[in-house]
Amino acid sequence: MAGTLAEKVWEAHLVRRGTGGEPDLLYIDLHLVHEVTSPQAFEGLRLAGRPVRRPDLTIATEDHNTPTLDIDRPIADETSRTQIDTLRANAREFGVRLHSLGDADQGIVHQVGPQLGLTMPGLTVVCGDSHTSTHGAFGGLAFGIGTSEVEHVLATQTLPLQPFKTMAITVNGALPPGTTSKDIILAVIAKIGTGGGQGYVLEYRGEAIRKLSMEARMTICNMSIEAGARAGMIAPDETTFEYLKGRPHAPEGADWDAAVEYWKTLRSDDDAEFDAEVVLEAADLEPFVTWGTNPGQGLPISASVPVPADIADESERVAAERSLEYMGLEPGTPLRDVKVDTVFIGSCTNGRIEDLRSVAKVVKGRRKADDVRVLVVPASARVRLQAEAEGLDVIFKDFGAEWRNAGCSMCLGMNPDQLAPGERSASTSNRNFEGRQGKGGRTHLVSPLVAAATAIRGTLSSVADLGLADEVDLTTFDGSPLDGVGAPPITETVVDLPMPVPAGAR
Amino acid sequence: MEKFTTHTGVGVPLRRSNVDTDQIIPAVYLKRVTRTGFEDALFAAWRGDPSFVLNQEAYSAGSVLVAGPDFGTGSSREHAVWALKDYGFRVVLSSRFADIFRGNSGKQGLLAGVVAQEDIEILWKVLETRPGTEVTVDLEARTATADDVTVPFQIDDYTRWRLMEGLDDIGLTLKHADDIAAFEEARASWRPKTLPAKHWPTETVEPARAV
Ligand code: SF4
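Those protein sequence lines, which keep their order, are chains A and B. Mapped onto full-length UniProt numbering, the consecutive letters of the first sequence carry residue numbers 1 to 506. Mapped onto full-length UniProt numbering, the consecutive letters of the second sequence carry residue numbers 1 to 211.
Calculated from the structure, these hints are not laboratory results. For every residue, glycine included, the Cβ atom is placed at its ideal position computed from N, Cα and C. Do not take every clue at face value.
[As the list claims (entries may be wrong)] Now the stretches of chain B that chain A is said to cover, found in silico as 3 or more residues with beta-carbon under 8 Å:
1. 133-140
2. 190-199
[Said to hold, decoys possible] Far from chain B, by Cβ distances over 10 Å, these chain A residues were calculated:
3. Leu57
4. Ala174
5. Gly195
6. Gly228
7. Phe241
8. Pro248
9. Glu286
10. Gly413
11. Gly438
[Claimed, not checked] Only pairs whose alpha carbons sit at most 27 Å apart, straight line, appear in this in silico DSSO-like list of lysine-lysine:
12. A:Lys364 <-> A:Lys339
13. A:Lys8 <-> B:Lys193
14. B:Lys107 <-> B:Lys85
15. B:Lys193 <-> A:Lys245
16. A:Lys264 <-> B:Lys198
17. A:Lys339 <-> A:Lys8
The task is simple: from the sequences and hints, build the whole structure.
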């Protein structure tokens with residue numbers, strides 16, 4: 001029978017098929033753990049006298065609470081410190097691998113898996129975090145779970161699950177310059193709504209998706225959850241294999257060959273039936289920004305803040321009014337005139353090396369707008385090290401940005417990186433809920449390119465607004481278009497940037 | 001999870017309807033990293049009131065809660081069940097429960113029995129006339145008895161079976177441990193393992209400082 005990618009991965013993990021309304025029991029290949037959702041799960045095991053069944057399929061990292069400054073000093077906030085200390089004690093007690101603050105492999109859990117080569121096609125991946133959908137970019141089934149499910153997976157390495165529905169999202173054509181994969185997903189969410197994906201696994205396909213680099217694909221799958229979906233997936237291809245090859249945990253030798261052969265079968269059959277389908281033309285896309293307090297309230301940057309009175313649907317109108325009030329925006333204001341106080345570049349959505357490279361490319365040799373605070377937070381310590389090796393940190397510092405240590409940071413403001421009440425940010429993260437980045441904080445979700453241009457001009461901007469079209473080279477350092485659109489597989493990236501110079505020499 | 005057949009303990013009449021999970025345990029307690037020790041958080045907003053039922057000596061050691069209709073509505077927090085159990089409750093009786101609360105209860109070994117509202121009223125009368133009266137809950141027979149009053153309660157067969165067997169979700173899954181082991185046997189060798197840990201050479205990460 002013809003099957004979708006999601007169905008194939010599901011079938012390959014069936015420990016037991018449920019009968020009579022009972023859920024299926026699915027095997028979990030990789031369980032990622034962080035400090036916020038795991039303490040009670042470990043305690044549950046302890047109370048029941050159960051071990052972690054497969055410590056060798058489990059990996060933990062500290063990310064949500066970690067400070068991004070002074071990481072060598074004790075964590076000031078008590079709740080944060082307790083959660084991190086608890087994770088450390090649990091990891092020790094149960095024999096779970098942990099990458100702690102200060103370790104070169106510490107970072108946001110959704111960066112650590114792919115970066116170590118643990119995230120692969122055809123896996124089931126879970127984590128007590130909704131953005132686990134990120135890992136679906138490799139062609140696996142990856143989704144977030146709650147604390148009691150975390151305990152269940154720790155104890156049994158399986159989960160009882162009811163099947164999902166499937167939705168195909170086809171993006172045809174090629175992205176125009178200055179647009180990125182972030183704009184694709186923001187456009188998808190604006191189109192189907194924040195509840196549009198409810199109950200579905202989304203599979204992204206089409207020419208525009210195939211051309212994306214691995215990291216750009218992760219950005220898309222990451223935000224599937226903002227469309228209400230449980231997971232997002234992209235069928236693996238050469239881009240996927242090239243990304244994985246040679247990573248620490250990638251299969252080697254005969255295992256690699258066997259894996260690739262299997263991975264090539266992981267695609268939806270031509271006659272597979274999806275429960276729903278959505279089609280988008282990439283050529284129509286513009287850089288997207290959100291204006292409201294949910295990720296579905298987004299518009300192309302050339303648009304104006306919506307006028308609620310013009311919205312026909314009663315509940316949408318009320319929602320828009322409430323959002324605009326919270327956001328402190330006048331209906332009808334061109335989005336390009338909206339002034340921001342802070343630009344945040346980071347998170348599991350857009351804190352990877354390609355994101356940092358594309359920002360560096362735009363801001364190189366420029367100064368940020370005077371009153372804007374710019375925070376650059378790499379997704380992991382490795383990303384930070386890589387960026388430093390390429391000299392990106394110097395570009396950011398010269399630009400006037402703060403160069404931080406890795407973590408979730410201002411994406412959710414559980415650590416000291418928060419917006420003040422009423423402060424407005426352009427953020428490359430994934431959620432613009434009320435208070436998400438700090439109590440009273442106002443968030444506009446944007447791509448890294450828009451974030452960079454906004455940091456230069458001080459108002460929401462795209463790279464086209466810089467008026468320096470010829471000066472800003474819209475390709476990455478290896479000559480492929482920015483944000484990895486159409487990037488060739490990553491090999492040894494040639495970087496033509498100056499190496500870091502000692503501070504005194506400048 | 002302990003097997004549940006019968007339980008006898010002090011009955012606590014809670015004459016309130018629509019007790020939501022925020023009232024059972026307020027959100028501020030959700031920051032904790034433990035799974036036990038939530039007894040102080042149970043009904044936190046009411047515990048300061050000396051006339052609140054649990055603040056009365058005769059009821060303070062209660063283990064069978066007899067509540068008004070629509071118990072456990074609101075957010076799906078599992079902490080609500082933890083707090084009730086930590087306080088010492090083994091049984092909650094009400095004429096109507098929120099679905100998620102009832103589901104969470106079954107998973108955590110708290111018996112949520114549905115009793116007709118007239119019968120709840122009768123139990124309330126008995127428990128209020130003689131504070132400290134013990135209630136015997138017989139899961140096998142699906143009855144609750146206080147003094148000379150015996151009322152029936154409803155619970156679905158599946159949850160009843162689980163409670164009587166003392167099986168939580170994990171226990172249920174582990175009944176299929178053989179299937180899991182067989183699946184693991186056949187698992188392809190290219191699938192990743194986190195241990196032994198492999199990584200690139202360790203490098204020193206410079207702590208960032210405020211500018
Ligand atoms: S970066 Fe933000 S969205 Fe991603 S895991 Fe951290 S808190 Fe969640």
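Exercise. Are there hints from earlier that the structure breaks, and if so, what are their numbers?
Worked result: Violated hints (numbers, rising): 1, 3, 8, 17; every other hint is consistent with the structure.
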